[in-house]
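2 protein chains.
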Amino acid sequence: MTSTDTEDAAFDIPQVYKHHAFACYTQRPPGHPRGSCGALGAQPLWDRLGKSLEAKGLSEIGFTAAGCLGFCNAGPLMVVYPEGIWYRPTTPEDIDEIVDCHFRQGKRVDRLVMVLTRR
Amino acid sequence: MTSTDTEDAAFDIPQVYKHHAFACYTQRPPGHPRGSCGALGAQPLWDRLGKSLEAKGLSEIGFTAAGCLGFCNAGPLMVVYPEGIWYRPTTPEDIDEIVDCHFRQGKRVDRLVMVLTRR
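Residue numbers (the numbering used here), protein chains in the order written: chain A, 3 to 121; chain B, 3 to 121.
Extracted from the complex, chain A is given alone in its bound form:
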């Protein structure tokens, strides 16, 4: 067995990113019963987030497009690890605050946090 207890050893491996954000790009058609982050206006927000990280040279922040994160009525939804913080931004200003507060200063933006419970 070549395993290592993650509780003891997780920090032996250097982290690729300081924060790694995953944003839901799922787009379901209008009227779909589950809805989707795309139908709730996610795409231009994620575009702004990606461009902002690049423009500010925040290469220590990972940003990855994701499929459905499983909470379709809570979107637009993104999750930031390693903290496991779920955000629901709805305006360009929300995106700017996540970038400036969370990604640059390491301060959680409480007003945009979604507290979710898995089904």
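In short, the hints are calculated from the structure, not lab data.
A quick note: this is a predicted structure, and the numbers were derived from the prediction, not measured.
Among these hints, one or two may not hold up.
Under 10 Å between C-beta atoms, here's a sample of chain A residues computed to sit facing chain B [as the list claims (entries may be wrong)]:
no.	residue
1	Val18
2	Cys26
3	Ser61
4	Trp88
5	Arg90
6	Val115
7	Leu118
8	Arg121
Beta carbons: idealized from backbone N, C-alpha and C, even for Gly.
Using the hints, position chain B against chain A.
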């Protein structure tokens, strides 16, 4: 300002998942200069992972399809948070070991770990 220092407060919010895995589903055509996880055989591995988690009732493990994770020649690539462990499984047995060791027992599978450095 409604922010909170993540270093102090990250654990105030309950975590949705014990582990959350993101697997790259990018598929570029054969011969593409960047290659892709899909071209390296990712799809059937991720299918096995998703089905295994469901079959074993591991609802505390999140599994999300992801776009390009940015290390295309290191695939098939997945990352597990909050640990920030990157894995490169290539066989069905590799997937089974990640499920049984990492997701069920919390033990890292060292032989499948990729140590990556961002560019």
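Structure-based check of all given hints:
1. Among the interface hints, the one on A:Val18 holds; its C-beta lies about 5 Å from the nearest C-beta in chain B, closer than the 10 Å criterion.
2. Hint status for A:Cys26: holds, given a least beta-carbon distance of 9 Å to chain B, under 10 Å.
3. Interface restraint check: A:Ser61 against chain B, minimum CB-CB distance 7 Å, threshold 10 Å, status holds.
4. At a threshold of 10 Å, the smallest CB-CB gap from A:Trp88 to chain B is about 7 Å, leaving the interface hint in force.
5. This hint is violated: A:Arg90 has a C-beta 13 Å from the nearest C-beta of chain B, more than the 10 Å allowed.
6. A hinted interface residue such as A:Val115 counts as satisfied when its beta carbon comes closer than 10 Å to some beta carbon of chain B; here the least separation is about 7 Å, so the hint holds.
7. The restraint placing A:Leu118 at the interface with chain B holds, with a minimum CB-CB distance near 5 Å, inside the 10 Å limit.
8. About 8 Å separates the beta-carbon of A:Arg121 from the nearest beta-carbon of chain B, less than 10 Å, and the hint is met.
Comparing the model with each earlier hint shows a violation of hint 5 alone; every other hint is respected.
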